[in-house]
Amino acid sequence: DSGVTQTPKHLITATGQRVTLRCSPRSGDLSVYWYQQSLDQGLQFLIQYYNGEERAKGNILERFSAQQFPDLHSELNLSSLELGDSALYFCASSANEGGEQYFGPGTRLTVT
Amino acid sequence: SQQGEEDPQALSIQEGENATMNCSYKTSINNLQWYRQNSGRGLVHLILIRSNEREKHSGRLRVTLDTSKKSSSLLITAARAADTASYFCATDEDNAGNMLTFGGGTRLMVKP
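Protein sequence lines, in the order shown, are assigned to chains A and B. The first sequence runs 1 to 112 under the numbering used here. The second sequence runs 1001 to 1112 under the numbering used here.
Quick caveat, the hints were computed from the structure, so don't treat them as lab data. All of these numbers come straight from a predicted model, not from anything done at the bench. Positions of the beta carbon are idealized from the N, C-alpha and C atoms, including for glycine. One or more of the hints may lead you astray.
Claimed, not checked - Looking from chain B toward chain A, a few residues come up when the C-beta cut is under 7 Å (computed):
#1 1019
#2 1042
#3 1043
#4 1048
#5 1064
#6 1098
#7 1099
#8 1102
Said to hold, decoys possible - Some chain A residues flagged as far from chain B (calculated, every beta-carbon gap over 12 Å):
#9 8
#10 13
#11 15
#12 16
#13 20
#14 28
#15 37
#16 46
#17 65
#18 69
#19 73
#20 82
#21 97
#22 100
To be verified - Derived pair list, reagent style EDC-like, types lysine to aspartate or glutamate, alpha-carbon separation capped at 16 Å:
#23 B/1056 x A/100
#24 A/57 x B/1094
#25 A/57 x B/1093
Bound-form chain B, shown alone:
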């Protein structure tokens, strides 16, 4: 079963615009992670935010976490065509070992 739900399911923007993806989850977590997947390929880890953190940056990526609302967002600033991919949030839940529970993903298309 999937813990996270991502919104939107698909997003199409122009190069240079910002892309925001949202993730909601159901249980308490140790951390939340964002991954990128290019079509049919392996997942690439982007960023990890711990449950006691509220915001984290990595290059053009900004992630926020609101544990009271059980939600997170991923912002990609000044998107490039190469950012076209599916983006998944994954939660490392409390008391669930170290498995990651993935959301359904957001398909991002960045048009040149």
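One chain only, chain A, in its complex shape:
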């Protein structure tokens, strides 16, 4: 158990819908990262927050957005969902910026 929690574990929704994925980092960790894992694209970095501020952006679609709240938990919002958005979405946290990251169990999103 990494100490990072993600909810929900599974999510099935229809195209065009909007969903919110939630992540609680390890106690004391200030950085939160979001990754997407799909069969065709592999593991892709989406976005990083550090102590509430956006720090780095990767291959994140404009339909996706994220935020980190004062209590350090983070949410990833996915809207206008397409079939190709079906993937595992992982959240990771680290104590500071850089160094090893601790991954949550992921949210499996299925868009039908």
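Model the placement of chain B on the given structure of chain A, informed by the hints.
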């Protein structure tokens, strides 16, 4: 996009044998990390090697880094059936924030 390429993509060995996985990357890095993923689950951090280090050990794991060749290897000695998993290298690139760029992974099967 993926920075790292891992070789081989799949590896099957008997218990007690050694497993070696290789990773190549393209840009200069701060550090390189290895992660393990059991089928469809979250990633588990194994080891981090900094750009100024050449070799690192952790239990049955040995990691080498050759920054001149932009490559790394992960050696698992005396593999066990429980080591069956996918192994990913991930690079923390210079001037790229703290995002990790993952390779495509090596699927390791250890037969009892």
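Hints, one by one, checked against the model:
1. 1019: The hint is violated - residue 1019 of chain B has no Cβ within 7 Å of chain A, the shortest such distance being about 21 Å.
2. 1042: 4 Å, holds
3. 1043: Interface hint status for residue 1043 of chain B: holds (4 Å vs cutoff 7 Å).
4. 1048: Hint holds; residue 1048 of chain B Cβ to chain A Cβ min 5 Å, cut 7 Å.
5. 1064: This interface hint is violated because 18 Å lies over the 7 Å limit.
6. 1098: The hint holds - residue 1098 of chain B has a Cβ within 7 Å of chain A, the shortest such distance being about 5 Å.
7. 1099: 4 Å, holds
8. 1102: Where the cut-off is 7 Å and the nearest Cβ of chain A is about 4 Å from residue 1102 of chain B, the hint holds.
9. 8: 15 Å, holds
10. 13: Since the minimum Cβ distance to chain B is about 19 Å, residue 13 of chain A lies beyond 12 Å and the statement holds.
11. 15: 23 Å, holds
12. 16: 26 Å, holds
13. 20: At about 19 Å from chain B, residue 20 of chain A clears the 12 Å cut-off, so the statement holds.
14. 28: 16 Å, holds
15. 37: 9 Å, violated
16. 46: Contrary to the label, residue 46 of chain A does not stay out of reach of chain B, its closest Cβ about 9 Å off (not over 12 Å).
17. 65: 17 Å, holds
18. 69: Residue 69 of chain A clear of chain B: closest Cβ-Cβ about 20 Å, beyond 12 Å.
19. 73: The assertion about residue 73 of chain A holds, with a minimum of 17 Å to chain B.
20. 82: Consistent with the label, residue 82 of chain A stays out of reach of chain B, its closest Cβ about 20 Å off (over 12 Å).
21. 97: 5 Å, violated
22. 100: 5 Å, violated
23. B/1056 x A/100: 15 Å, holds
24. A/57 x B/1094: The given pair, whose Cα atoms are some 15 Å apart, holds under the 16 Å limit.
25. A/57 x B/1093: 14 Å, holds
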